[in-house]
Amino acid sequence: MAKKRLYNVGALLAGLGVTFKYMFQKKPTIQYPSRKKKHAPRFHGLHELRRYEDGKERCIGCELCSSVCPANAITVVGAENTPDDRRSPGERYAARYEIDMLRCIFCGMCEEACPTDAIVLTPRFEMSDYRRASFIFAKDRLLVPPEAGVGTAPDDRPGGIPADLGRVAEIKSTAEWQQGYDATWRGSILKTQQKGLAEE
Amino acid sequence: MSSAWWTPATSIWWVVLVKCAVLLFVVITTFAYAMLFERKVMGWMQLRPGPNRVGPWGLLQPAVDAVKLILKEDLTPKTADPLIYRLAPFISLLTAFSVYAVIPFSQPAPGNVWAIGDVNAGILFILALTSIGVYGISLGGWASGSKYPLLGSVRATAQMISYELAMSMSLIGVLILAGTTSLVGIVDSQAKWWFFIPQFIGFVIYVITAVAETNRAPFDLVEADAELVGGFNTEYSGLRFGLFFIAEYINMLTVSCIATLLFLGGWNAPFGWTAVPGIVWFLLKVGFFMFFYIWLRSTFPRLRYDRLMAFGWKVLLPVAALNLIGTAVYVALAG
Chain C
965 MAKKRLYNVG
975 ALLAGLGVTF
985 KYMFQKKPTI
995 QYPSRKKKHA
1005 PRFHGLHELR
1015 RYEDGKERCI
1025 GCELCSSVCP
1035 ANAITVVGAE
1045 NTPDDRRSPG
1055 ERYAARYEID
1065 MLRCIFCGMC
1075 EEACPTDAIV
1085 LTPRFEMSDY
1095 RRASFIFAKD
1105 RLLVPPEAGV
1115 GTAPDDRPGG
1125 IPADLGRVAE
1135 IKSTAEWQQG
1145 YDATWRGSIL
1155 KTQQKGLAEE
Chain B
145 MSSAWWTPAT
155 SIWWVVLVKC
165 AVLLFVVITT
175 FAYAMLFERK
185 VMGWMQLRPG
195 PNRVGPWGLL
205 QPAVDAVKLI
215 LKEDLTPKTA
225 DPLIYRLAPF
235 ISLLTAFSVY
245 AVIPFSQPAP
255 GNVWAIGDVN
265 AGILFILALT
275 SIGVYGISLG
285 GWASGSKYPL
295 LGSVRATAQM
305 ISYELAMSMS
315 LIGVLILAGT
325 TSLVGIVDSQ
335 AKWWFFIPQF
345 IGFVIYVITA
355 VAETNRAPFD
365 LVEADAELVG
375 GFNTEYSGLR
385 FGLFFIAEYI
395 NMLTVSCIAT
405 LLFLGGWNAP
415 FGWTAVPGIV
425 WFLLKVGFFM
435 FFYIWLRSTF
445 PRLRYDRLMA
455 FGWKVLLPVA
465 ALNLIGTAVY
475 VALAG
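Chains C and B, in that order, are what the protein sequence lines are.
According to my numbering, the first sequence is numbered sequentially starting from 965.
According to my numbering, the second sequence is numbered sequentially starting from 145.
Treat the hints with caution; some may be incorrect.
What the hints assert, rightly or not - Here are the computed lysine to aspartate or glutamate pairs in the DMTMM-like style, where the Cα-Cα straight-line distance is at most 25 Å:
1. C:Lys1103 <-> C:Glu1027
2. C:Lys1002 <-> C:Glu1027
3. C:Lys990 <-> B:Glu182
4. C:Lys985 <-> B:Glu182
5. C:Lys991 <-> B:Glu182
Since the hints were made in silico from the structure, they are not lab data.
On a predicted model such as this, the values are computed, not experimentally measured, just so you know.
Based on the provided sequences and hints, a complete structural model is requested.
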């Protein structure tokens, strides 16, 4: 065992050398408000409720996001579309859609569950505020304003979705949605019915 | 206009007054930027940019710091001794300022010294004043009427007394070689050899004790944020805390000036580079010491209290004494 030296001058000088060297090294600081760190391509930030190109809301008030949410952060109250006030192409729309950002863990399950790609996590992350109540984001802050277009498509995000995830190509318009709806649901129901008839 | 405010007899007072005003301004500005410099350098050494939000490169930081300190509430604890509590910061600051009365900054010109006064016992004057400065810290901690400041002030007393001994002894070696206690005389006698070469041991001891004397890390047992909250100044706030703060930095500047004057040849130019004026050399050398103290602070952790005392009494003091005796014997035999 090395003899313990009470006053190891060499070690002191070596320490001074380290700090002197560090003085000239590049500083890793990011000057935050003026410069921001590059986020990961699939960064999960603030949610956004998207629209179709004709301005209709994508959300059909199915509450799947709310059911899947592990943090119970989402509240959806659906309402029936009426012929003279069609908010969404489906039968229902979200009359209330609220996310408590203090509960949300930004896992993205709502986005995965959404059958219409209505809710999407954008890379926006600056949500600081002074009051707890202001962290409950309702439709007025979640829904893309009509003049701002359709919102961030999941595949538009920087980096996009890896091709091997096999997501169905994005449905761009209400008409397409109707076709898709027919093709998937009505179509399959028809097929089942036909199949059943044929078997009988 | 018959009051004759400008006569040969009164002119000396005016000159001193102007010198005082200029010096006060220079010293306070230096303090402000020494603080910024310290935060910058420590930041760089810790891989941070340091303050850089106020003004270009954070150059206006001292101004906003001053505003902050002035606007803060001036608290006096219920248990404090109000008079001494309020007096203590002024003792610290006044003694810290007074030292600059005798520090010469450059070669004396005919009819003028680059100091408020060229006192023939300048170094003794400085040592006396810095010793009084300890009273500010001790009394401030004592009068706060609370436990951490008290511990801090007890440490201050013990630490400063034990380190001042070794410090004085290391300085006496220089005084013996120079044969004078006048600061101008000491610098003049270093025209050939700066005293840090013949008095290298004394130089090292002085630099170490000066850190302890100014309560700077790694010898900042008096403040010891980690164990004593803020040490002697725990209860102080606002401007009174600011006064202690200013005093600490001015003391740092003082010990740097003394080290420059006594060991690094004051305003003497190295290698005969006399094209650069003496005051520039003086300031460069002082700046080097200031940097060195910041460098120490960002490198070394605080010593344990008993180790600090052991180091002072068992290492520095005997070595300083031997150095002093050796110097005295050398001068007696050779001179």
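Results of checking the hints against the structure:
1. C:Lys1103 <-> C:Glu1027: Satisfied, since the Cα-Cα distance of roughly 14 Å is no more than 25 Å.
2. C:Lys1002 <-> C:Glu1027: violated, 33 Å
3. C:Lys990 <-> B:Glu182: Satisfied, since the Cα-Cα distance of roughly 18 Å is no more than 25 Å.
4. C:Lys985 <-> B:Glu182: holds, 17 Å
5. C:Lys991 <-> B:Glu182: Roughly 17 Å between the alpha carbons, so the hint for Lys991 of chain C and Glu182 of chain B holds.
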